[in-house]
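Please work from the sequences and hints to get the whole structure.
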Amino acid sequence: MRLELSVTDALAETPWWLSAIKAVVIFGFLVVSTLVMIWAERRVVARMQQRVGPNRVGPFGLLQGLADGIKLALKEDIIPTAADKAIFILAPIISATTCFLAFAVIPFGPVVSVFGQETALQLTDFSVSVLYVLAVTSVGVYGLVLAGWSSGSTYPLLGGLRSSAQVISYEIAMGLSFVAVFLYSGSMSTSEIVSSQDRLWFAIILLPSFLIYVVSMVGETNRAPFDLPEAEGELVGGFHTEYSSLKFALFFLAEYINMFTVAALATTLFLGGWQAPWPLGGAIWAGANDGWWPVLWFVAKLWIFMFMFIWLRGTLPRMRYDQFMKFGWKVLIPLSLLWIAIVATVRAVSNEASIDRQDILIWGGVALAVLLVVSIVWDYVSGRELEQPDDIDKPFDPFGGGHPVPPLPGQQAVAVAVVASPSNADSEVLDA
Amino acid sequence: MNPENYLYLSSILFVIGAVGVLVRRNAIVVFMCIELMLNASNLAFVSFARLNGNIDGQVVAFFVMVVAAAEVVIGLAIIVTIFRTRRSASVDDPNLLKL
Amino acid sequence: MIELLAATPQTSTGEAVAFWCLAPIAVGAAVMILLSRKAVHSALWMATTMIVLAVLFIMQGGIFLGVVQVVVYTGAVMMLFLFVLMLVGVDASDSFVETLRAQRVAGILLGAGFGVLLMAAVSRATFPEAVGVGAANDAAGGHVEAIAEAIFTRYVFTFEVVSIVLITAAVGAMALTHKERLTPRRPQPEQSVDRIRSAHPTPHPSPGVYAQHNAVDTPALLPDGTASEASVPDELRRQGTVRYTELEAANRRADEDGERE
Amino acid sequence: MNPIVPILFLGLLAFGFAAFSILAGSLSGPKRYSRVKLDAYECGIEPTPQPIGGGRFPVKYYLTAMLFILFDIEIVFLYPWAVAFDQLAIFGLIEMLLFILTLGVAYAYVWRRGGLEWD
Numbered sequence: 001m002r003l004e005l006s007v008t009d010a011l012a013e014t015p016w017w018l019s020a021i022k023a024v025v026i027f028g029f030l031v032v033s034t035l036v037m038i039w040a041e042r043r044v045v046a047r048m049q050q051r052v053g054p055n056r057v058g059p060f061g062l063l064q065g066l067a068d069g070i071k072l073a074l075k076e077d078i079i080p081t082a083a084d085k086a087i088f089i090l091a092p093i094i095s096a097t098t099c100f101l102a103f104a105v106i107p108f109g110p111v112v113s114v115f116g117q118e119t120a121l122q123l124t125d126f127s128v129s130v131l132y133v134l135a136v137t138s139v140g141v142y143g144l145v146l147a148g149w150s151s152g153s154t155y156p157l158l159g160g161l162r163s164s165a166q167v168i169s170y171e172i173a174m175g176l177s178f179v180a181v182f183l184y185s186g187s188m189s190t191s192e193i194v195s196s197q198d199r200l201w202f203a204i205i206l207l208p209s210f211l212i213y214v215v216s217m218v219g220e221t222n223r224a225p226f227d228l229p230e231a232e233g234e235l236v237g238g239f240h241t242e243y244s245s246l247k248f249a250l251f252f253l254a255e256y257i258n259m260f261t262v263a264a265l266a267t268t269l270f271l272g273g274w275q276a277p278w279p280l281g282g283a284i285w286a287g288a289n290d291g292w293w294p295v296l297w298f299v300a301k302l303w304i305f306m307f308m309f310i311w312l313r314g315t316l317p318r319m320r321y322d323q324f325m326k327f328g329w330k331v332l333i334p335l336s337l338l339w340i341a342i343v344a345t346v347r348a349v350s351n352e353a354s355i356d357r358q359d360i361l362i363w364g365g366v367a368l369a370v371l372l373v374v375s376i377v378w379d380y381v382s383g384r385e386l387e388q389p390d391d392i393d394k395p396f397d398p399f400g401g402g403h404p405v406p407p408l409p410g411q412q413a414v415a416v417a418v419v420a421s422p423s424n425a426d427s428e429v430l431d432a
Numbered sequence: 001m002n003p004e005n006y007l008y009l010s011s012i013l014f015v016i017g018a019v020g021v022l023v024r025r026n027a028i029v030v031f032m033c034i035e036l037m038l039n040a041s042n043l044a045f046v047s048f049a050r051l052n053g054n055i056d057g058q059v060v061a062f063f064v065m066v067v068a069a070a071e072v073v074i075g076l077a078i079i080v081t082i083f084r085t086r087r088s089a090s091v092d093d094p095n096l097l098k099l
Numbered sequence: 001m002i003e004l005l006a007a008t009p010q011t012s013t014g015e016a017v018a019f020w021c022l023a024p025i026a027v028g029a030a031v032m033i034l035l036s037r038k039a040v041h042s043a044l045w046m047a048t049t050m051i052v053l054a055v056l057f058i059m060q061g062g063i064f065l066g067v068v069q070v071v072v073y074t075g076a077v078m079m080l081f082l083f084v085l086m087l088v089g090v091d092a093s094d095s096f097v098e099t100l101r102a103q104r105v106a107g108i109l110l111g112a113g114f115g116v117l118l119m120a121a122v123s124r125a126t127f128p129e130a131v132g133v134g135a136a137n138d139a140a141g142g143h144v145e146a147i148a149e150a151i152f153t154r155y156v157f158t159f160e161v162v163s164i165v166l167i168t169a170a171v172g173a174m175a176l177t178h179k180e181r182l183t184p185r186r187p188q189p190e191q192s193v194d195r196i197r198s199a200h201p202t203p204h205p206s207p208g209v210y211a212q213h214n215a216v217d218t219p220a221l222l223p224d225g226t227a228s229e230a231s232v233p234d235e236l237r238r239q240g241t242v243r244y245t246e247l248e249a250a251n252r253r254a255d256e257d258g259e260r261e
Numbered sequence: 001m002n003p004i005v006p007i008l009f010l011g012l013l014a015f016g017f018a019a020f021s022i023l024a025g026s027l028s029g030p031k032r033y034s035r036v037k038l039d040a041y042e043c044g045i046e047p048t049p050q051p052i053g054g055g056r057f058p059v060k061y062y063l064t065a066m067l068f069i070l071f072d073i074e075i076v077f078l079y080p081w082a083v084a085f086d087q088l089a090i091f092g093l094i095e096m097l098l099f100i101l102t103l104g105v106a107y108a109y110v111w112r113r114g115g116l117e118w119d
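Residue numbers (this note's numbering), protein chains in the order written: chain A, 1 to 432; chain B, 1 to 99; chain C, 1 to 261; chain D, 1 to 119.
Derived by calculation from the structure, the hints in this document are not laboratory data.
A quick note: this is a predicted structure, and the numbers were derived from the prediction, not measured.
Keep in mind that the hints are not guaranteed to be accurate.
[Unchecked claim] Cβ-Cβ distance ranges computed for the label pairs, FRET-style:
id: 1; chain 1: C; residue 1: Ala16; chain 2: A; residue 2: Glu76; range: 20 to 30 Å
id: 2; chain 1: D; residue 1: Leu12; chain 2: C; residue 2: Gln191; range: 50 to 60 Å
id: 3; chain 1: B; residue 1: Met1; chain 2: A; residue 2: Ile360; range: 25 to 35 Å
id: 4; chain 1: C; residue 1: Ala121; chain 2: A; residue 2: Thr81; range: 49 to 59 Å
id: 5; chain 1: A; residue 1: Pro406; chain 2: C; residue 2: Asp234; range: 48 to 58 Å
id: 6; chain 1: C; residue 1: Val161; chain 2: A; residue 2: Ile360; range: 25 to 35 Å
[Unchecked claim] Here are the computed lysine-lysine pairs in the PhoX-like style, where the Cα-Cα straight-line distance is at most 25 Å:
id: 7; chain 1: D; residue 1: Lys31; chain 2: A; residue 2: Lys330
id: 8; chain 1: A; residue 1: Lys85; chain 2: A; residue 2: Lys71
id: 9; chain 1: A; residue 1: Lys394; chain 2: D; residue 2: Lys31
id: 10; chain 1: A; residue 1: Lys75; chain 2: D; residue 2: Lys31
id: 11; chain 1: C; residue 1: Lys38; chain 2: A; residue 2: Lys326
id: 12; chain 1: D; residue 1: Lys31; chain 2: A; residue 2: Lys85
[To be verified] Covered by chain D, according to a simulated footprint, are these stretches of chain A (three or more residues, beta-carbon under 8 Å):
id: 13; stretch: 242 to 252
id: 14; stretch: 370 to 382
Note that beta-carbon positions come from the ideal geometry of N, C-alpha and C, so glycine has one too.
Here it is, written out as structure tokens:
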């Protein structure tokens, strides 16, 4: 029994007290998910490194997040003398407030009757809701920069500047990857994007956009391979070096909730939001997309992305700062601009000359195949031989450059007579 | 509430921006006051768009915002060059940039 | 005259309440831009004014414009201000010497006069009934579609000129601030080979050996009491902010006088 | 106006939580004053008093923020075009390709001049 009200009408009729309850539920959902995420991350990363991970606090260590929170609360709250006190306290408040706001437009489920009142499982929705999320994340970057600056010394300042430069670089790639989704869904409101994906998810037809988004998702939250500004070896703690007690916990909370925000955005825009995965929704179980079930699909997809974050952190080594900034600027942005141009031209042509998608895909495939063949032939014709390491043919010199070195692969170890007098040891051996 | 109040608010903000430009000495703060004046004019544009009921007011405010962003880029580049050569961002030193 | 009075357009009370809460915040934040000592504080007051203005745009039916104001202005332009402020103007506090006599008072008076003039003009003008942007939106099928249709059909020329304005902004910023690299950038492997081949592959002696402090700019003392040059990073030496002991400083001054004669 | 009001609820809730936890943080927890504890943290050694930024001005952050503005404006123009793409059809497409190309010229210039290199 699909309720006949459209999302926007259902939301318009929702009484204010129901919106307030929804806001409290979303806030609770996020805080509890953060505590579970802290526990899950430490357990899964431990499991990947053949150790057990936290299992003391509560059943299976589930209350570890809570224990960390209380421990941080009981620590001394230090404000350094060189710090600018007002902004030092303001920065964590900005970070912690803006990360919650982005969840206001994320749809958890379809129109459902709660306490006898028909409303959509979504706090609010308006015509520019995805741009609103972009606006909230760009205000969230203020928390990083101000935390870095207000701590007084140069390490946090450079740490704050570096991580905010990284966040804004990946925010462009994220913004550009949305354009193709709006092109296909014809609107920026999250509920319409989800409803326009009921036949085919955008992750399938817009795969390059999805891949660019997933990469910029990791870069945007300073996570896994791109977390150099907070790395222990680099600038100690980056922008939150000087923070202690609950202010540090707020930055910790903000980082995890930002991860949930970008993951929720990925599910809404690319994986069909709360809609049941393909075999379940249409064929096997008709009721999968009605009532409260969709919340289950949404949370499941959310946690797939969360596992991906943990997996990346457990396995990939950290990239150097100039490497991933170069990757962000010189690879992601041109790629996504090119992809937008291709998607737009294909769609305009198929709208205009009413060639359906099959022909375009065929012609595209043929063109790619021809390109592949040409490149193989080109390699073969130009006869490029494998680069040879240049010093392979030189005689083996154990003291190459004044430092004892083992022989390179393919070099013979020459038997060297042990030299008695240390004074002219170098010159004699080199001549041998 | 009469929608003309928006116009009064925008003129008050514009005046505060103008006073800021005249009074402050730090080049970056003067530049911020110019941005405040541009924002005030944007508010006036949007209020007129609402009073007259056509959307051109908002589109013009949109273009004002875009051009103001480009202007900030160049303005701050000049201030950065002055700082790098003269170690001070005060408003009295730009004449030193002349060769 | 009566017709004018009768037709004074009224807006919904919700909007009135919101306006009377937000307007004082906007004016207060704008005044604080002028009054705050530190430049970063006035940048933050500026960001608050912009966000309050964004909410005012949204209340007037310009949802797209309000959100764009937050994304482009507060998110990008103010970020550029903060970056430049943090690296440049943080300690460039205002010098209180007024080059022009009584500039402050003149500025405030001039501004107040201009304000009175402006508001008189606004109060004298008669405005049409506040129709709101709803009609235009529905004609084009939604708010964003209406703005898109306006930008990409009626304002096509302005739209293309904007991209040229952005090119000049990029080229100008590059010409003014970008420094070409004088020495070629040596990649990481090459640097590590050079370091091994140099006479000093191990790190410098850590500062503060036998010295009173272990800060980075305190040179380590050799057994005979003189400071060892290698233990202080050369950037600090170039800046001349190395903290020598009194004995060492005295010796250095003596050497310099010796060289000068 | 009313789609914006629920965001206010969530915002007040989040701000209240953040402000409460900062207040609780400063009240709960010991208060043992010591001068060294309040110094800036520089990997355990004494902090070196330096002018912030050490006088040298890393211009790379300014260039990144500048390019961020450039592409932010491009994104903000692309969104309404993508939403109203079907009404604008071929004319809109050519317009936007020209816009992307012109901004591509600026991007190529900055790339070629080395504005994107981080050392």
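Hint-by-hint comparison with the structure:
Checked against the given bound of 20 to 30 Å, the beta carbons of C:Ala16 and A:Glu76, roughly 48 Å apart, lie outside it. In this structure the hint that D:Leu12 and C:Gln191 lie 50 to 60 Å apart at CB holds, the actual value being about 53 Å. For B:Met1 paired with A:Ile360, a C-beta distance near 55 Å fails the hint of 25 to 35 Å. Distance hint check for C:Ala121 and A:Thr81: the Cβ-Cβ separation is about 52 Å, which falls inside the suggested range of 49 to 59 Å.
Evaluation of the 48 to 58 Å hint for A:Pro406 and C:Asp234 yields a failure: the beta carbon distance comes to about 34 Å. At about 34 Å, the beta-carbon gap between C:Val161 and A:Ile360 stays in the expected band of 25 to 35 Å. Proximity of D:Lys31 to A:Lys330 is assessed by CA-CA distance (about 50 Å); at most 25 Å being required, the pair is judged violated. A hinted pair counts as satisfied when its Cα atoms are at most 25 Å apart, and A:Lys85 with A:Lys71 qualifies at roughly 24 Å.
Between A:Lys394 and D:Lys31 the alpha-carbon distance is near 68 Å, which puts this suggested pair outside the 25 Å criterion. Between A:Lys75 and D:Lys31, the direct Cα distance comes to roughly 9 Å. Compliance with the 25 Å bound is thereby established for this hinted pair. A distance of roughly 34 Å separates the Cα atoms of C:Lys38 and A:Lys326; the hinted pair therefore is violated under the 25 Å criterion. At roughly 17 Å between alpha-carbon atoms, D:Lys31 and A:Lys85 fall within 25 Å of each other, so this suggested pair holds.
As drawn, the stretch 242 to 252 of chain A meets chain D at 6 residues by the rule of a beta-carbon pair under 8 Å; at three or more, the given contact holds. Counting residues of the stretch 370 to 382 of chain A whose C-beta sits closer than 8 Å to any C-beta of chain D gives 0, which falls short of three, so the coverage hint is violated.
Consistency note: the structure conflicts with the earlier hints numbered 1, 3, 5, 7, 9, 11 and 14.
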